[in-house]
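*Asks:* Sequence:
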Amino acid sequence: MLGMLTYRTDVQLAKAFGRATKSEGNFWGDYFQVESYLTYQGKKFLERFDANSYLHLLRALDMYDPSLGYSDVQTALSRIKAHYTLISVTTDQLFKSIDLHKTKQLLEQSNVSLVFHEFPSVYGHDAF
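Residue numbering for the sequence shown follows my numbering, beginning at 63 and increasing consecutively.
What the hints contain is simulated information worked out from the structure, not anything from laboratory work.
Think of the CB as a built atom: it goes at the ideal place given N, C-alpha and C, for glycine as much as any other residue.
Not one of these hints is a red herring.
Derived Cβ-Cβ restraints for the label pairs, each shown as a range:
| hint | residue 1 | residue 2 | range |
| --- | --- | --- | --- |
| 1 | Y116 | K143 | 31 to 37 Å |
| 2 | E170 | A76 | 36 to 42 Å |
| 3 | L108 | V177 | 36 to 42 Å |
| 4 | L148 | A113 | 27 to 33 Å |
| 5 | E180 | L119 | 24 to 30 Å |
| 6 | V73 | Y102 | 19 to 25 Å |
| 7 | H163 | K143 | 19 to 25 Å |
| 8 | Y185 | T147 | 15 to 21 Å |
| 9 | F89 | L156 | 31 to 37 Å |
| 10 | F94 | G65 | 15 to 21 Å |
| 11 | R141 | F89 | 56 to 62 Å |
| 12 | L108 | S140 | 40 to 46 Å |
| 13 | L130 | K106 | 34 to 40 Å |
| 14 | I149 | N88 | 40 to 46 Å |
Straight-line Cα separation of at most 25 Å, BS3-like style, residue types lysine-lysine; simulated pairs:
| hint | residue 1 | residue 2 |
| --- | --- | --- |
| 15 | K164 | K143 |
| 16 | K106 | K77 |
| 17 | K77 | K158 |
| 18 | K84 | K105 |
| 19 | K84 | K106 |
| 20 | K166 | K143 |
| 21 | K77 | K105 |
Please construct the entire structure, taking both the sequences and the accompanying hints into account.
*Replies:* As structure tokens, this is what we get:
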């Protein structure tokens with residue numbers, strides 16, 4: 063349920079649900095429609111995604127180091143021959159604009175060919 067709050071923006075959720083309540087809402091349960099939506103999405107996620115897979119993905123992200131085996135990150139990145147296209151959504155909470163700007167800067171300093179696009183969207187991570 064919490065993960066959905068990183069895929070959607072507060073603007074998007076407010077527009078879709080506001081403070082609307084469920085007609086049969088339970089004060090201590092899913093009282094608001096947005097709570098019901100988030101609970102439903104959380105249950106769907108649990109049915110299709112193994113928790114251990116998620117732990118492995120998180121660990122892989124933690125351990126990733128593109129400079130491993132090189133003197134520094136610029137040396138490692140300078141070996142890239144591909145042309146990069148970076149796309150940043152200003153409201154994306156998973157791939158934050160500030161991080162993509164840092165990536166852009168590192169790639170440019172490493173003489174990697176790239177284009178960078180940035181745009182706003184009320185859809186956050188789901189803007190793609």
